[in-house]
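Sequences and hints are given; from them, build the entire structure.
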Amino acid sequence: MPESPLHDAAFMGSMRTDMLRFAQIQLRDATLAEDAVQEAFAAALDGARDFAGRSALKTWIFGILRHKIIDLIRHQSRHTNISAYCDEDTALDEAFEALFKENEHWAPHTRPRAWGDPEASLQQRQFWDVFEVCLHHLPENTARVFMMREFLEFGTDEVCTTLNISASNCHVILHRARNGLRRCLETGWFAAPAKGAPQ
Amino acid sequence: MNCKQSTRLLSEALDRPLKGSETLRLRLHLITCRGCRNYKAQMGFLREACSALREKTEKTEKMEDT
Chain A
1 MPESPLHDAA FMGSMRTDML RFAQIQLRDA TLAEDAVQEA FAAALDGARD
51 FAGRSALKTW IFGILRHKII DLIRHQSRHT NISAYCDEDT ALDEAFEALF
101 KENEHWAPHT RPRAWGDPEA SLQQRQFWDV FEVCLHHLPE NTARVFMMRE
151 FLEFGTDEVC TTLNISASNC HVILHRARNG LRRCLETGWF AAPAKGAPQ
Chain B
1 MNCKQSTRLL SEALDRPLKG SETLRLRLHL ITCRGCRNYK AQMGFLREAC
51 SALREKTEKT EKMEDT
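Protein chains in written order, with my numbering: chain A, 1 to 199; chain B, 1 to 66.
Some hints here could point you the wrong way.
[Claimed, not checked] Calculated pairs, DSSO-like style, for lysine-lysine (alpha carbon to alpha carbon, straight line, at most 30 Å):
| # | chain 1 | residue 1 | chain 2 | residue 2 |
| --- | --- | --- | --- | --- |
| 1 | B | Lys4 | B | Lys19 |
| 2 | A | Lys101 | B | Lys56 |
| 3 | B | Lys4 | A | Lys101 |
| 4 | B | Lys4 | B | Lys40 |
| 5 | B | Lys40 | B | Lys19 |
| 6 | B | Lys59 | A | Lys58 |
| 7 | B | Lys40 | B | Lys59 |
| 8 | B | Lys19 | A | Lys101 |
| 9 | A | Lys58 | B | Lys56 |
| 10 | B | Lys56 | B | Lys40 |
FYI, nobody ran anything at the bench for these hints, they're computed from the structure.
Given below as structure tokens:
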């Protein structure tokens with residue numbers, strides 16, 4: 001019988017790295033991410049049982065981590081006003097407004113152009129570097145809402161309830177986040193001269 | 001419908017089911033507006049990329065090993 005993955009130090013180490021990355025992408029705070037991972041590990045080891053294999057263990061432990069992250073977000077949202085509007089949000093909105101003519105149609109030079117074959121980018125490591133930088137550039141509260149929706153894959157209702165914001169506010173914030181991300185990817189990747197350069 | 005309203009609905013369509021009248025107006029707008037058609041595809045790509053990022057982070061094998 002193969003040894004339990006729980007005793008495979010190399011595997012547990014690499015999983016820890018992945019968990020930290022996962023938590024940091026969502027929480028954007030190294031200390032909080034570290035806490036969430038520690039707690040998830042502790043809870044996982046407490047309830048340790050036999051796993052058929054590494055992926056079963058990993059799925060289980062990531063499920064625990066996800067809950068820890070949600071707890072932290074829920075806790076934070078009681079002390080901060082997620083819908084509070086910061087200067088960076090204003091800047092994102094102004095940049096978006098600037099794309100339109102007075103009649104609120106695209107200006108000729110800002111009209112969105114096709115991104116070619118964007119799926120091919122998903123295979124390139126440099127794309128993911130740009131993507132994570134762009135996520136990180138989103139204002140904190142805006143990113144929180146967006147990441148809960150798109151990274152943790154919560155339903156919109158769950159996001160609103162957990163963060164205690166109205167549905168319409170939620171839609172405004174998600175639209176802002178997507179516009180910010182779209183613009184950042186456009187300038188940082190899809191329209192960047194170095195894109196697709198031989199590695 | 002103008003382009004700014006269309007972008008709002010294209011984003012909201014990812015978060016809630018649109019009403020029949022909204023879908024209809026949006027469809028009519030998209031027929032004549034290439035910019036908004038591109039925007040729509042880009043919104044879909046953002047979702048796909050976030051989902052891929054999640055999978056990539058959770059997967060046991062690192063990308064470079066596969």
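Here is what the structure says about each hint:
Between B/Lys4 and B/Lys19 the alpha-carbon distance is near 18 Å, which keeps this suggested pair within the 30 Å criterion. Simply put, A/Lys101 and B/Lys56 have alpha-carbon atoms about 40 Å apart, too far for the 30 Å limit, and the pair is violated. Proximity of B/Lys4 to A/Lys101 is assessed by CA-CA distance (about 10 Å); at most 30 Å being required, the pair is judged to hold. Taken as a hint, the B/Lys4 and B/Lys40 pair is honoured in the structure, with Cα atoms around 12 Å apart against an allowance of 30 Å.
Distance hint between B/Lys40 and B/Lys19 is fulfilled; the C-alpha atoms sit about 17 Å from each other, no more than 30 Å. A threshold of 30 Å between alpha carbons decides the hint, and for B/Lys59 with A/Lys58 the separation of about 8 Å falls inside it, so the pair holds. This hinted pair checks out: B/Lys40 and B/Lys59 have alpha carbons roughly 29 Å apart, not beyond 30 Å. Straight-line distance between C-alpha atoms of B/Lys19 and A/Lys101 comes to about 27 Å, which keeps the hinted pair within the 30 Å bound.
A threshold of 30 Å between alpha carbons decides the hint, and for A/Lys58 with B/Lys56 the separation of about 13 Å falls inside it, so the pair holds. About 24 Å separates the Cα atoms of B/Lys56 and B/Lys40, which keeps this hinted pair within 30 Å; it holds.
Consistency note: the structure conflicts with earlier hint 2 alone.
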